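Generate coordinates for the entire structure from the input sequences, incorporating the hints supplied.
These are the residues of each chain, in order.
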Amino acid sequence: MHDQTASAPNEKHLFDISENIKNADARRLRERYVASRFPQFADNTSQLRNTVEILHTARHLLDDGRPNLAEELLYIALQEEPYQREAWLFLIELAFLNNDAARFDLLANDFRKIFPNGEEQYVIEAMAHDLNPHDLRYRYMNSPTPLPNWSSHASQARDQSSQRRYHQALINAINRHSAN
Amino acid sequence: MDLNFQLESATPTDRLTRSHRNLADAHIDLHQAIDRSNQPRSTKMITRALAEFEHFSHSQRLQLLQGGLSQTEGDTALMEWIAARYDHLFRIAYDVASIKMPTTDEHDPFAWAIALLIGGHSSKWRKMSMQRPDLGAREKLHTLYRSAVAKKCDTQILNVFVDRNEVETSAEAAYIRALLIERFAGGALTARRLEILDSWLIASQSTFWLAREPVAGEPVLGVDPTDPARSLIPLMPGETSRRYLSLRPLSRQLQRIIDGFHRGTIFPGWGMGLLFRVEEHIAVIDFLEREIHLVGNLAAPKSKRINAARGEVVTMFAGFNDIYAHALIMQTTSPPIGTAASIEQIKLNGYGAPSLEALVSANSDTGNFVITERIRSLVTLVDFSEAGIGLEMTGEDAAMLDIDHLVAIQIHPNRPRVIGIVVRKANLHHHAKTLVGIRILARVPLRATLEHVSEALVRPTIKGILICDSPEHGFGDSVILNDVAFKLNPTLSVSMADGLFHFRLGRVRQQGPGWKMAAIEVVVAR
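If you're matching them up, the sequences are chains A and B in order. Using our numbering, the letters of the first sequence map in sequence onto residues 257 to 436. Using our numbering, the letters of the second sequence map in sequence onto residues 35 to 560.
Pairwise CB distance ranges (calculated): (1) A:D391 / B:R82: 56 to 62 Å; (2) A:Q424 / B:G170: 57 to 63 Å; (3) A:R432 / B:R246: 58 to 64 Å; (4) B:L328 / A:R284: 29 to 35 Å; (5) B:R246 / A:N324: 28 to 34 Å; (6) A:N324 / B:Q190: 33 to 39 Å; (7) B:Q66 / A:R284: 47 to 53 Å; (8) B:H92 / A:A280: 26 to 32 Å.
Under 10 Å between C-beta atoms, here's a sample of chain A residues computed to sit facing chain B: (9) R283; (10) S292; (11) R293; (12) P295; (13) D319; (14) Y331; (15) Q416; (16) Q419; (17) R421; (18) Y422; (19) A429.
Anything over 12 Å on all C-beta distances counts as not near chain B; from chain A, calculated: (20) Y339; (21) E342; (22) A357; (23) K369; (24) E381; (25) L387; (26) N398.
Derived from the structure by calculation, the hints contain no laboratory data. Since the structure is predicted, the reported quantities are computational estimates derived from the model, not experimental observations. Glycine residues also receive a C-beta, built at the ideal position from the N, C-alpha and C atoms.
In structure tokens form, the structure reads like this:
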């Protein structure tokens with residue numbers, strides 16, 4: 257999913273692994289790793305370019321209490337295709353929520369390089385000010401209120417009625433068996 | 035210990051040859067030949083003996099580690115022999131490090147580093163060969179460390195060889211690695227995974243150090259080098275220790291290992307781990323992530339013990355297909371139609387462990403179930419909590435189970451079977467029994483026949499085991515399938531008394547040989 261506001265692709269950034277990916281053995285090992293670590297992305301690395309699917313899974317991993325795994329999936333996806341705007345924003349907000357100023361700074365800088373005209377810049381700078389009020393670069397910013405919600409959990413972001421109905425049906429079935 | 039007796043007792047085997055006997059004899063000779071007035075010279079002798087032994091045993095160790103479950107008596111004897119060799123070399127190296135030289139300057143700092151390094155090897159191979167830990171070994175490790183500190187050579191960086199690979203270490207770093215191996219060799223890792231983890235620890239040794247004060251906010255283990263009863267232990271908030279090991283460097287190293295896989299490289303780039311499947315490495319990553327998280331969140335409440343009779347004999351089924359076909363007959367998503375008598379239709383010609391053939395069949399990813407004579411085992415319950423079950427079984431039974439295997443257990447007659455995953459295997463001290471730890475996946479798993487959602491007139495069905503988690507939103511619910519069914523990535527439907535549901539498979543929450551537990555994402559509810 258490419259973005260119209262993306263900069264020229266020859267920028268050096270956090271996720272530049274193109275040299276390694278050209279090596280067939282390294283590529284094979286990476287693919288085996290991804291297939292084993294994230295079996296639902298096993299068949300095709302093109303799945304890692306499917307931003308909707310990546311965000312969907314990352315949100316569910318947050319639901320499972322596995323934020324590290326969600327972050328890793330987003331990193332892998334961006335290594336495969338750096339122009340996935342929503343994946344960047346997801347990571348940036350996670351770094352903000354984890355109060356990780358160093359990581360936030362790295363991610364925000366890389367995002368700015370790839371999407372120099374990104375409309376989210378203002379919010380990102382406001383978040384940077386909130387994380388590090390003494391950073392003179394952001395001294396005129398105000399804290400973002402409310403948060404942009406780029407990294408919401410699946411359970412917050414989706415219509416839950418079908419999932420709830422299934423869950424209740426499963427509980428009823430379990431209760432019947434437990435009673436027998 | 036009489037080493038010749040040890041060698042003889044390892045029979046019957048064709049794996050131990052005259053060369054093995056000669057090497058054991060050479061170690062006895064070496065122990066006698068140690069120059070007790072010259073530590074540097076003796077250190078060189080033990081270093082050479084270690085290199086020779088590693089060279090001699092390299093292909094055998096690799097073959098044993100690649101063998102997995104299919105070990106013969108000969109394999110077991112060979113593993114025990116290797117562990118005995120490392121034990122003996124450790125005793126010799128300990129004696130060498132204990133040599134007192136006239137002045138401090140005449141001591142050889144390598145003596146401590148080599149002894150502690152071999153001590154770690156010894157712990158690891160004892161575990162791999164399913165032997166009890168040597169109770170005196172930890173005291174020796176502590177003594178060596180204290181002695182290195184006293185001689186002010188504990189932090190001196192030295193280059194040593196492990197399987198012909200040069201690595202940086204120090205007496206302190208080798209001590210920490212030995213203690214970490216002792217901690218991690220508690221039964222939660224298979225031999226292959228322990229070998230992978232050890233190669234990571236050995237290659238990362240220079241990043242480990244002990245502090246006199248804990249670092250606030252970091253996951254920390256404590257150690258008291260004067261207390262032989264204690265190794266590295268997690269500390270409760272407010273608890274103190276003589277020395278502290280922060281796990282932050284290990285955590286950072288783990289991140290580097292993960293980053294390496296992203297770039298298509300395996301850390302550390304040498305060692306037997308290079309030849310093992312990527313899945314084994316990922317299991318070690320999962321294990322370390324869990325360990326570090328647990329140490330950092332020690333104040334979290336433990337799960338409640340459940341009042342089940344200790345020592346009670348319970349029934350265990352192993353492998354996805356056997357569990358689906360036999361353990362969960364009564365536990366279906368449809369209202370129960372069977373009777374208690376239907377359970378007795380299970381073909382049982384005897385109790386004991388499932389045969390290897392049965393296990394291969396049960397864990398097979400072909401999805402085909404082959405009737406075998408032994409389907410279930412009777413094992414002894416030793417512990418039961420909301421989160422896990424401890425089972426005691428004979429070594430023979432336990433040999434057929436490995437970490438990540440799927441099992442179902444019936445605690446009480448006429449009550450639902452609990453389904454879980456094997457997370458720990460350890461030999462018990464008091465007799466030849468093995469303790470197997472099970473993490474519970476569901477207390478009432480439901481067997482379901484799932485149908486592919488398609489326009490086709492004939493829709494294939496697949497077997498699934500439905501798992502219910504507590505959150506009311508339902509995103510915690512899962513289904514266990516065999517690998518083949520999972521790879522098809524189908525949209526499936528399941529019919530229950532309260533409706534028909536279409537769902538797709540989400541992220542994988544747990545997996546083991548031949549099975550995966552995937553999240554359920556409901557797309558249609560009618």
